[in-house]
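Participant: What follows is each chain in one-letter form.
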Amino acid sequence: MRPTLPSLKYNILVPVKRSIDYAVKIRVASDGKGVDTNVKHSMNPFDEIAVEEAIRLREKKPSVVSSITALSIGPPKAADTIRTALAMGADSGIHITVPESTVVEPISVAHALKKVIEDKKFDLVIMGKQAIDDDSGSTGGMLAGMLGWGQGSFASKLEVEEGGKVNVTREIDGGLEKVEGKLPMIVTTDLRLNEPRYASLPNIMKAKKKKIETLKPEDLGLDFTPRFETISVSEPPKRQGGGKVESVDELVGKMKEAGLI
Amino acid sequence: MCQGESAQSTTSLCQCSSFGVRLSETPGAGPSGRRHPTSRTGLSRRPVAADRSIIGRAPQILHRYTTASLHSARHPSYPYQRNGKYTILTTSHVKELRSLLPHPTSILTTLDLEDPATATSTATATEDDLAFYNIDWMGKYKGRSQVVVRPRSTEEVAKVVRWCHGNDVAIVPQGGNTGLVGGSTPIHDELILSLSHLTAIRSFDSLSGVLTVEAGAILETVDSFLSNQAPEPGFIFPLDLGAKGSCQVGGNAATNAGGLRLLRYGSLRGSVLGLEVVLPDGRVWEGLSGLRKDNTGYDMKQLFIGSEGSIGIITAISILCPRRSSSTNVALFALPTYDACLEVFSQTKKHLGEILSAFEMFDKASYDAVKAHGGIKGRNVFEEQAQKEARFFCLVETSGSNAEHDAEKLSNLFESLLSASLILDGALAQDASQSAEIWKIRELCPESLSKSGKAYKYDLSVPVEKMYTLVERMRDHLRGNERIKGVAGFGHMGDGNLHLNVLATEFSDDIQRSIEPLIYQLVSEYDGSISAEHGLGAMKAPYISFSQSTNSIELMRRIKEIFDPKGIMNPYKFVLPRRDE
Chain A
122 MRPTLPSLKY NILVPVKRSI DYAVKIRVAS DGKGVDTNVK HSMNPFDEIA
172 VEEAIRLREK KPSVVSSITA LSIGPPKAAD TIRTALAMGA DSGIHITVPE
222 STVVEPISVA HALKKVIEDK KFDLVIMGKQ AIDDDSGSTG GMLAGMLGWG
272 QGSFASKLEV EEGGKVNVTR EIDGGLEKVE GKLPMIVTTD LRLNEPRYAS
322 LPNIMKAKKK KIETLKPEDL GLDFTPRFET ISVSEPPKRQ GGGKVESVDE
372 LVGKMKEAGL I
Chain B
-1 MCQGESAQST TSLCQCSSFG VRLSETPGAG PSGRRHPTSR TGLSRRPVAA
49 DRSIIGRAPQ ILHRYTTASL HSARHPSYPY QRNGKYTILT TSHVKELRSL
99 LPHPTSILTT LDLEDPATAT STATATEDDL AFYNIDWMGK YKGRSQVVVR
149 PRSTEEVAKV VRWCHGNDVA IVPQGGNTGL VGGSTPIHDE LILSLSHLTA
199 IRSFDSLSGV LTVEAGAILE TVDSFLSNQA PEPGFIFPLD LGAKGSCQVG
249 GNAATNAGGL RLLRYGSLRG SVLGLEVVLP DGRVWEGLSG LRKDNTGYDM
299 KQLFIGSEGS IGIITAISIL CPRRSSSTNV ALFALPTYDA CLEVFSQTKK
349 HLGEILSAFE MFDKASYDAV KAHGGIKGRN VFEEQAQKEA RFFCLVETSG
399 SNAEHDAEKL SNLFESLLSA SLILDGALAQ DASQSAEIWK IRELCPESLS
449 KSGKAYKYDL SVPVEKMYTL VERMRDHLRG NERIKGVAGF GHMGDGNLHL
499 NVLATEFSDD IQRSIEPLIY QLVSEYDGSI SAEHGLGAMK APYISFSQST
549 NSIELMRRIK EIFDPKGIMN PYKFVLPRRD E
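Protein chains in written order, with the numbering used here: chain A, 122 to 382; chain B, -1 to 579.
By construction, these hints were calculated from the structure, which means they are not laboratory data.
In this text, all values refer to a predicted model and were calculated from it rather than measured experimentally.
One thing to keep in mind: the hints can contain errors.
Result set (DSSO-like, lysine-lysine): computed pairs, CA atoms no more than 30 Å apart in a straight line [to be verified]:
id : chain 1 : residue 1 : chain 2 : residue 2
1  : B       : K449      : B       : K386
2  : A       : K198      : B       : K449
3  : A       : K303      : A       : K236
4  : A       : K331      : B       : K348
5  : B       : K407      : A       : K146
6  : B       : K348      : B       : K438
7  : B       : K407      : A       : K330
8  : A       : K242      : A       : K286
9  : A       : K278      : B       : K438
10 : B       : K375      : A       : K146
11 : B       : K375      : A       : K182
12 : A       : K161      : B       : K449
13 : B       : K369      : A       : K181
14 : B       : K362      : B       : K348
15 : A       : K161      : B       : K348
16 : A       : K278      : B       : K369
17 : B       : K386      : A       : K331
18 : A       : K329      : B       : K375
19 : A       : K286      : A       : K181
20 : B       : K386      : B       : K455
21 : A       : K241      : A       : K181
With the sequences and hints as input, model every part of the structure.
Facilitator: Here it is as structure tokens:
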């Protein structure tokens, strides 16, 4: 028989990013250096899954999850994204504010998370495997590396046993891979991990009273100056419209003209 | 022709059973005296089985038509005899039409005659090709026209109509053929005039928001043009409905389609500023005004809006398009009683004011049907307890221009609803996909109910406070009838538009008799309308007197006669001629 690990309580941190709503059609901004951001924003869907998973862990074993904190780095409106996490069931929020339209690169995010985790003692970080705006998918890995923690990436199933053993199931080509780790740990979420709940009205009202701590990068001794410069952003080439032909001969002629036959 | 109620997709095919039955079973019940002569001779072309049953007694045969048999006999019981005054089209007519419409794809016909001179056939289509035009999308109404014309300009429409007028050829104008009352398919062999090749966007003025577009443009295409057009994107078509991917804006105007944006942007009667119409004699009525105000005489365009192709063919519309809202929110409430729905409706209007863009209601029976048929992804929207106690659900949508402003208003509304304990629970969509999921529950109501039983469907307008009383009265009335599985109600509460569904174990005339004409009498008692947004078409034409006075109907007939003295426009539907004609 395997020895049972001593039971422990743990704190969960869920980083959430405010990104352009995934249902919005993306348009290149007029300066050609980015996209039009004057559109509907909401929580990065992978982060929403992370929030849901944290809440489910607590619903399964209320006594072991001491707290769930949602953290966002972003402009003032990122507070709405934290409120969404609070309305879903997180306990409190941390908002690291940056001016509107500041680009915060994954490495900066990882540095900020590391600092917060060290200051506030979190044991489990559940985060989206990527954000749908920049698709970098690198923050989780960087953070695990910086902290020297274990990492279960692309989780489609997550179990935290009493005592802190963590079982992560990952979808890989042709099957499932199960990895084990031990708290403290980073878990990044994949799409099929769960289906996030709706924010209920009573919980939305309660969320208004929950605390959001506001920090500036300077408070953490960090500098978010980007290392990369975006040279240009362009739309994929437009699909050329087809034409109608009146006869087979004309079709054959056109195909010959185009060098297809 | 396009219709309002969005999600009537896959409305039960078997509704085809109802039409003839209603007619034969409601003598003296309202439409009496307005029944069109149902001469038996007109039935000779129908399948033998159908004939026998109709001639024999009541047309019970209808409920025996299953999906499988629909291909052979889709609508066997339409009671109107073909009127002999209309010309039967032949190949020589097709040749004349061809000289009017020279483009090779403008005429589809199954009329075939080898031309010995050129050894070419006149036929350009098979029966299957024409099925798309002859049969409505539900498969409920089936015509047998052999000629479809698809003009490419207003002038060509005018030429065809002038020719039809001169040759006494009956015409069915057709848009996207997405209607629900059989208004856009021929009853017999009328020539089908499809507007699908008139698709140009003629002009758009981003200062005034006035769009001028040809009738055959697809609603969704126009809406996405308005949304994305340069140099100034961000406009919206003031109408939205489930059939938007197929229906055409001309048909929308011709049927005065209602749909999902009506609460916010009002009826098309307000947004349509002008029309271009080909009159039944082939003249073109030029009424494409961009003016918002024009008090000079009768407002002629209003006659054409909602006229269902009976007095002219709309070839272009000019319409006022508002700015697309940059901030939208969708919330769903669970409620214990209909009285609570009414109170929430009132509070919602009070708190949200101008940003309220939809207020929809569905009852538990509808919700359960959607749930049972897989329309609700994963978990329930609400907590278990609220989910169990809920009898009604209300969907609220806001559209505004300032997210913070909208959020504050919503927050005040929620506080007021929660503190008054009016709602059991509520949910607010946090992103666009959750909004879409909540909308989907409402939009799947009709389809899911059709899957839960044989659904008798009614589109009714009643004062909002009486909306559910109607459902309850039908429920009481049908209680104990073991062939009734349930009665469900949902609809556009904001517009007082109820979609009542009676779910039965089968389609039969007994069951039908137990619902009708009672349901129409109740609607009439509440000063409601028997057709809120679907129109009359062929299905409800005989029942007009439940909603309109004798004087109104008489005036309507006279209007029809003024515009279309030969009666060639969309016959056997809408406002029917007096029975002696």
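Participant: Against this structure, judge whether each hint is valid.
Facilitator: Comparing the hints with the structure gives:
no.: 1; hint: K449(B) <-> K386(B); in the structure: holds (23 Å)
no.: 2; hint: K198(A) <-> K449(B); in the structure: violated (44 Å)
no.: 3; hint: K303(A) <-> K236(A); in the structure: holds (21 Å)
no.: 4; hint: K331(A) <-> K348(B); in the structure: holds (28 Å)
no.: 5; hint: K407(B) <-> K146(A); in the structure: holds (27 Å)
no.: 6; hint: K348(B) <-> K438(B); in the structure: holds (26 Å)
no.: 7; hint: K407(B) <-> K330(A); in the structure: holds (18 Å)
no.: 8; hint: K242(A) <-> K286(A); in the structure: holds (18 Å)
no.: 9; hint: K278(A) <-> K438(B); in the structure: holds (28 Å)
no.: 10; hint: K375(B) <-> K146(A); in the structure: holds (24 Å)
no.: 11; hint: K375(B) <-> K182(A); in the structure: holds (25 Å)
no.: 12; hint: K161(A) <-> K449(B); in the structure: violated (36 Å)
no.: 13; hint: K369(B) <-> K181(A); in the structure: holds (26 Å)
no.: 14; hint: K362(B) <-> K348(B); in the structure: holds (26 Å)
no.: 15; hint: K161(A) <-> K348(B); in the structure: holds (26 Å)
no.: 16; hint: K278(A) <-> K369(B); in the structure: holds (26 Å)
no.: 17; hint: K386(B) <-> K331(A); in the structure: holds (29 Å)
no.: 18; hint: K329(A) <-> K375(B); in the structure: holds (28 Å)
no.: 19; hint: K286(A) <-> K181(A); in the structure: holds (15 Å)
no.: 20; hint: K386(B) <-> K455(B); in the structure: holds (27 Å)
no.: 21; hint: K241(A) <-> K181(A); in the structure: holds (24 Å)
Hint compliance for this structure: hints 2 and 12 are not met, and every other hint is.
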